[in-house]
Amino acid sequence: MSSKVITDIDEVLTTTRAVRRRMDLDRPVGRAVIEECLRLAQQAPMGSNLEDWRIVAVDDPTLKRQLSELYTEIWDATVAQPLADGEAATTARLSPGVRADPQAQARQHRVLTAVKHLVDHLAQVPVLVVLCSTKPIPQRPVGGTASGYYGSIFPFAWSFQLALRSRGLGSVLATAMAHRATRVREVLGLPDDWRPVTLVPVAYTRGLDFRPAARADLADVASWNGPTERAGSATR
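Counting from 1, position 87 in the sequence shown corresponds to residue 87 in full-length UniProt numbering; the numbering is continuous, with no gaps.
It should be emphasised that the hints constitute simulated quantities derived from the structure, not laboratory data. Bear in mind that the values here come from a model prediction, so they are computed numbers and not experimental data. The beta carbon of each residue, even a glycine, is placed where N, CA and C say it ideally should be. Check each hint, because a few of them may be wrong.
As the list claims (entries may be wrong) - Here are the computed distance ranges between Cβ atoms for each label pair:
| hint | residue 1 | residue 2 | range |
| --- | --- | --- | --- |
| 1 | K116 | D193 | 31 to 41 Å |
| 2 | G143 | V111 | 26 to 36 Å |
| 3 | E229 | E69 | 44 to 54 Å |
| 4 | R31 | A80 | 28 to 38 Å |
| 5 | A234 | S147 | 23 to 33 Å |
| 6 | A32 | T228 | 49 to 59 Å |
Could you put together the complete structure from these sequences and hints?
This is how it looks when you write it as structure tokens:
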């Protein structure tokens, strides 16, 4: 087993960030460390105690370039062009200009800039990991089927990301790749029942000094026994 560079679990949990601009695109990532982290992720909780996940790690330059081209298509179709056209829903969701204050606007601008950086450099990321589900695609966005579908693959994804962070690697959930799920299957020659849910680009990070992100006060998002007794003041 490879040596961990971060051993404190609280540090891993609070500093596993979405890494895009700080990926070291020049440092190779060996297959052994990827497989080690995937084995750890297999211990994640899963729906119905069935390992309905399928994982394809990609380090072939030609395949990475093809996936990168798909990701660029998605960016153009779902972000760049709608924002340029002033499309209402996309503008409300993504535009820095509609954020409430200058700090929020600056944060959103940094996020968009970082995502575009990843779009432009995806083919150079050492390893692209495609996470798939073999569960039937849910017909409704909310409900038991949807909960089981996403409630298995995303615990796996998060466990994988935590394991990567503890070993000095960074990652990000590039969920937009699901917009081209059929073409991802075609590029990688996957069976029809392997349904790509998210892409996880992986690279060593430039530095390890990631910090906890700014988050809402616990009292604003959590409560006890209903919505009125706010959390955050417990003494025991």
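Hint check results:
1. Under the hint 31 to 41 Å, the C-beta atoms of K116 and D193, about 33 Å apart, fit the expected range.
2. For G143 paired with V111, a C-beta distance near 30 Å keeps the hint of 26 to 36 Å intact.
3. At roughly 51 Å, the beta carbons of E229 and E69 sit within the given window of 44 to 54 Å.
4. Judged by the Cβ atoms, the range 28 to 38 Å given for R31 and A80 holds: they are separated by roughly 34 Å.
5. Between A234 and S147 the CB atoms are about 28 Å apart, so this pair conforms to the stated range of 23 to 33 Å.
6. Our hint of 49 to 59 Å for A32 and T228 holds, since their Cβ atoms are close to 52 Å apart.
In terms of the numbered hints stated before, the structure departs from none.
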